[in-house]
Amino acid sequence: MITRMDYLAVFLPSLGVGVVFYLVMRWLFRGDRAERSAQTRAQQDAERWYREVREREGDAAPFGHEQEQETQRPQRGLALRNSIPIRESPEDPQRTE
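If you count by the numbering used here, then the sequence shown holds residues 773 to 869, one letter each, in order.
No lab work stands behind these hints: they were computed from the structure.
This structure is a prediction, so every number in the text was calculated from the model and none was measured.
Check before you lean on any hint, since a few could be wrong.
Quick list of the computed label-pair ranges, beta carbon to beta carbon [stated by the list, open to error]:
hint	residue 1	residue 2	range
1	V789	R820	40 to 48 Å
2	D778	L800	29 to 37 Å
3	V791	E829	55 to 63 Å
4	E824	G803	40 to 48 Å
5	V782	R802	28 to 36 Å
6	F783	S809	37 to 45 Å
7	V792	E827	48 to 56 Å
8	I774	Y794	25 to 33 Å
Note that the Cβ used here is the ideal one computed from N, Cα and C, for glycine as well.
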């Protein structure tokens, strides 16, 4: 004959796993919610800061150094294509023909 303790012994492990699953999922969802709210606050703070800088500096150069960056930026990529002379190229001044 099956007693109540047998039913309880069969049901308790499933109940324990369910409670642990619930607690882990609640922890994950709360962490996700906190992360989203922190990202939203950071985004709003950055937008507010950028608006203040634009109002103070103007729209032409919001950070005040666009012209400096253009002159100091090194060439990269395709801009270097013709900067290295190759012996077989017609642009090579040392080529003799």
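Hint check:
no. : hint                       : in the structure
1   : V789 with R820: 40 to 48 Å : holds, 47 Å
2   : D778 with L800: 29 to 37 Å : holds, 35 Å
3   : V791 with E829: 55 to 63 Å : holds, 57 Å
4   : E824 with G803: 40 to 48 Å : violated, 32 Å
5   : V782 with R802: 28 to 36 Å : holds, 32 Å
6   : F783 with S809: 37 to 45 Å : holds, 39 Å
7   : V792 with E827: 48 to 56 Å : holds, 53 Å
8   : I774 with Y794: 25 to 33 Å : holds, 28 Å
Hint 4 from the earlier list is the only one contradicted by this structure; the remaining hints agree with it.
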